[in-house]
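Novice: Read off the chains here:
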Amino acid sequence: MTQTAQTETKTMLLNVGPSHPATHGVIEINAELDGEIISKANVEIGYLHRGFEKECECGTYTQCFPYTDRLNYVSPLINNFAFAGAVEQLMGLKVPERCEYIRVIMSELSRICDHLTCIGASAMELGAFSVFLYAIKAREWIWELVEEVTGARLTISYARVGGVKADLPVDFVADCRKVLRKTSEVINEVDQLLTRNRIFYDRMRGIGLISTEEALAWGITGPFLRGSGVEYDVRKDFPYSIYDRFDFDIPIGSEGDNYDRYLVRMEEMRQSMRILEQALDQMPEGPTNVDAEGKVIDPALMADLGKFGKTKGLLRNEALIEPTLEGSQRRFHGGVNADSPDDWLPPKEEVYSNIEALMNHFKIIMEGHGVRPAKGEVYYFVEGANGELGFYVVSDGTDRPWRVRCHPPCFPIMAAFSQIIVGDQIADLIPTFGSVNMIAGELDR
Amino acid sequence: MSENPLLERIRDEFGDSLISAHQLDQDTVVISRGAILELARFLKEQLGFEVLMDLTAVDYFKRRPRFEVVYHFLAMRGRKRLRVKVPVGGMEPKVDSLTPLWPNANWFEREVFDMFGIRFEGHPDLRRLLLYPEFEGHPLRKDYPVDKRQPLIGPQD
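Chains as they are written, first to last, in the numbering used here: chain A, 56 to 500; chain B, 14 to 170.
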């Protein structure tokens with residue numbers, strides 16, 4: 056017997072995560088290694104389970120919004136609008152034109168943020184640290200814009216049933232165009248640094264392969280499916296909101312590997328910018344806050360008059376409403392929310408100045424009243440940054456949802472992940488994982 | 014209702030097992046528990062619903078049968094959608110697994126088992142997905158108290 060015949064080959068079990076610097080998001084991947092090749096893998100999730108669905112059942116419809124922020128925390132605006140859309144469809148509400156445009160604009164900004172984060176992080180994990188810094192720099196500009204509009208960077212809670220929290224700031228359109236111009240330069244820069252980079256190309260091309268049939272069988276959507284060559288995008292195939300008004304293309308890949316998914320994401324950001332440009336051009340002005348006679352009342356004065364009971368004549372006037380009563384003069388929800396007093400909180404000025412608005416406010420705020428969709432069920436789905444984001448909401452006619460189910464876009468991808476990485480090297484696990492863009496917040500809920 | 018060719022086709026094929034159908038927000042059929050695997054195969058192979066988009070359950074608590082397992086299918090050709098609901102109940106609610114047809118049913122069904130305690134027959138590896146093995150109870154059931162303490166966490170001081 057020779058020496059070599061006596062040596063035995065053993066596989067090694069390598070545990071990646073749940074707290075590993077390269078797995079951005081808490082997840083555990085048990086990889087069985089044959090040398091450097093992954094021969095088997097098992098993915099364990101649930102480390103970030105917060106009971107989102109149970110929490111939603113315990114609160115009112117409006118109270119669900121802060122929880123939806125925390126699903127996909129890179130593009131929380133899309134989650135917000137998806138949930139609002141589900142409840143609106145349940146109630147048969149239609150939001151005003153201006154609000155639809157605001158929702159589209161904010162969603163597309165979020166999508167760019169999400170893709171920038173994904174590409175930046177993937178590049179960093181392959182050693183291209185400066186790309187990460189450039190991408191995050193651009194994301195920061197967009198987040199500043201988001202902060203200006205919503206008041207927060209991440210936990211925005213901007214959507215409301217039947218509208219949004221507040222209208223856009225006065226100089227938003229100009230700011231947004233400026234940010235878009237700068238961001239598009241950054242995207243070009245990233246493009247030049249990565250797309251034809253030998254190291255990046257070799258690490259991404261042919262890695263993390265998934266065929267079209269497999270991707271469909273696993274129920275994968277979004278850039279991951281489009282990278283495998285399926286032209287499926289909810290914005291085009293089941294146009295919701297006002298997406299049918301915009302002219303944009305759906306990029307698809309041909310190989311179904313990491314590199315294709317990277318290219319798809321790069322192109323999607325440019326397409327998002329196209330949508331944004333069109334939306335900014337088309338966005339109508341909301342109704343102004345003047346009454347039929349053109350008379351405008353100063354908000355503080357109107358509130359004061361109301362507090363002293365001097366409501367005579369006030370009813371006919373619409374207040375010039377502002378959110379803070381401190382003189383920001385920002386157009387408030389009058390112009391951006393559904394004209395449906397049962398579902399929408401009246402502006403504070405009106406609550407102070409007339410009894411109808413006060414009762415209206417009471418009916419919505421007090422427990423047991425609130426937003427009450429009719430009995431029924433709805434599955435409302437939008438194109439999230441990672442794929443189809445769906446909300447299945449069941450109403451029993453009370454002010455609390457009976458059941459809220461969130462279909463997270465990265466759930467099917469993570470289910471398939473253990474199959475995708477088999478046959479690749481252990482070092483390839485990281486870029487493949489990066490191209491999934493797993494968000495533990497929505498995966499574990 | 015009768016105008017819809019898709020629902021008509023399903024009615025022709027599964028008339029005995031079909032409990033009801035509607036097309037309020039999207040085409041929906043409610044089918045009895047025994048027929049789900051057959052219906053799913055029919056949808057996949059005959060009608061082109063190749064994507065199992067979502068699988069979840071709802072606890073109606075006072076209704077009998079108590080639970081409803083809800084499937085959302087998508088047909089890429091023609092971009093059609095269909096919701097299938099299966100009422101299940103009893104002390105040990107169970108329904109046939111769709112894992113032979115779609116690989117992603119594996120995790121979806123594990124999650125439903127985890128959250129509702131509905132068993133899927135024919136599932137290769139039915140264990141908790143999001144929660145840990147020592148967890149007691151199924152939290153999305155309506156009779157699970159929201160302030161329940163778990164053994165590993167210990168009582169509140």
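Errors might be hidden in some of the hints.
Unchecked claim - No more than 27 Å apart at the CA atoms, straight line, and that leaves these computed lysine-lysine pairs for DSSO-like:
| no. | chain 1 | residue 1 | chain 2 | residue 2 |
| --- | --- | --- | --- | --- |
| 1 | B | Lys-161 | A | Lys-418 |
| 2 | B | Lys-93 | A | Lys-109 |
| 3 | B | Lys-155 | A | Lys-109 |
| 4 | A | Lys-109 | B | Lys-75 |
| 5 | B | Lys-93 | A | Lys-149 |
| 6 | A | Lys-430 | B | Lys-57 |
| 7 | A | Lys-109 | B | Lys-57 |
| 8 | A | Lys-149 | A | Lys-291 |
| 9 | B | Lys-75 | A | Lys-430 |
As the list claims (entries may be wrong) - Listed below are several chain B residues computed to face chain A (Cβ distance under 7 Å; list not exhaustive):
| no. | residue |
| --- | --- |
| 10 | Pro-18 |
| 11 | Leu-19 |
| 12 | Gln-36 |
| 13 | Asp-38 |
| 14 | Gln-59 |
| 15 | Leu-60 |
| 16 | Gly-61 |
| 17 | Glu-63 |
| 18 | Met-66 |
| 19 | Asp-67 |
| 20 | Val-71 |
| 21 | Arg-92 |
| 22 | Asn-117 |
| 23 | Trp-120 |
| 24 | Leu-153 |
| 25 | Val-159 |
Calculated directly from the structure, the hints in this document are not laboratory data.
Heads up, the beta-carbon is just placed ideally off N, CA and C, and yes, glycines get one too.
Novice: Does each hint hold? Answer for all of them.
Specialist: How the hints compare with the structure:
Among the hinted pairs, Lys-161 of chain B with Lys-418 of chain A is inconsistent with the structure: their alpha-carbon atoms are about 32 Å apart, more than 27 Å. For the given pair, Lys-93 of chain B sits about 30 Å from Lys-109 of chain A by alpha-carbon distance, which is inconsistent with the 27 Å threshold. A distance of roughly 9 Å separates the Cα atoms of Lys-155 of chain B and Lys-109 of chain A; the hinted pair therefore holds under the 27 Å criterion. Between Lys-109 of chain A and Lys-75 of chain B, the direct Cα distance comes to roughly 18 Å. Compliance with the 27 Å bound is thereby established for this hinted pair.
Restraint check for Lys-93 of chain B and Lys-149 of chain A: the C-alpha separation of about 24 Å stays at or below 27 Å, so the hint holds. Under the criterion of a C-alpha separation no larger than 27 Å, the hint pairing Lys-430 of chain A with Lys-57 of chain B is inconsistent with the structure, at around 31 Å. Our distance criterion of 27 Å between C-alpha atoms is broken by Lys-109 of chain A and Lys-57 of chain B, whose separation comes to about 32 Å. For the suggested pair Lys-149 of chain A and Lys-291 of chain A, the alpha carbons sit about 20 Å apart, so the restraint of at most 27 Å is met.
As the CA atoms of Lys-75 of chain B and Lys-430 of chain A are separated by approximately 15 Å, the hinted pair is consistent with the 27 Å bound. For Pro-18 of chain B, the interface hint is violated, the least distance from its beta-carbon to any beta-carbon of chain A being 19 Å, above 7 Å. This hint is violated: Leu-19 of chain B has a C-beta 16 Å from the nearest C-beta of chain A, more than the 7 Å allowed. This hint is violated: Gln-36 of chain B has a C-beta 12 Å from the nearest C-beta of chain A, more than the 7 Å allowed.
The restraint placing Asp-38 of chain B at the interface with chain A holds, with a minimum CB-CB distance near 5 Å, inside the 7 Å limit. Restraint check, Gln-59 of chain B versus chain A: the minimum CB separation of about 17 Å is more than 7 Å; hint violated. Below 7 Å, beta-carbon pairs count as interface contacts, and Leu-60 of chain B has none with chain A, the closest being about 15 Å; its hint is therefore violated. Checking Gly-61 of chain B against chain A by beta carbon gives a least distance of about 11 Å; that is not within 7 Å, so the hint is violated.
The closest approach between the C-beta of Glu-63 of chain B and any C-beta of chain A is roughly 5 Å, which is under the 7 Å cut-off, so the hint is satisfied. Interface restraint check for Met-66 of chain B: the shortest CB-CB distance to chain A comes to about 6 Å, inside 7 Å, so the restraint holds. The beta carbon of Asp-67 of chain B comes within 4 Å of a beta carbon in chain A, closer than 7 Å, and the hint placing it at the interface holds. At a threshold of 7 Å, the smallest CB-CB gap from Val-71 of chain B to chain A is about 5 Å, leaving the interface hint in force.
With its C-beta approaching chain A no nearer than about 5 Å, Arg-92 of chain B sits inside the 7 Å limit, and its interface hint holds. Here the hint on Asn-117 of chain B is kept, as its CB sits about 4 Å from the closest CB of chain A, short of 7 Å. For Trp-120 of chain B, the suggested interface contact is upheld, since its CB lies about 4 Å from the closest CB of chain A, less than 7 Å. Restraint check, Leu-153 of chain B versus chain A: the minimum CB separation of about 6 Å is within 7 Å; hint holds.
Using the Cβ-Cβ criterion of 7 Å, the hint placing Val-159 of chain B at the interface with chain A is satisfied: the shortest such distance is roughly 6 Å.
In summary, the numbered hints that this structure violates are 1, 2, 6, 7, 10, 11, 12, 14, 15 and 16.
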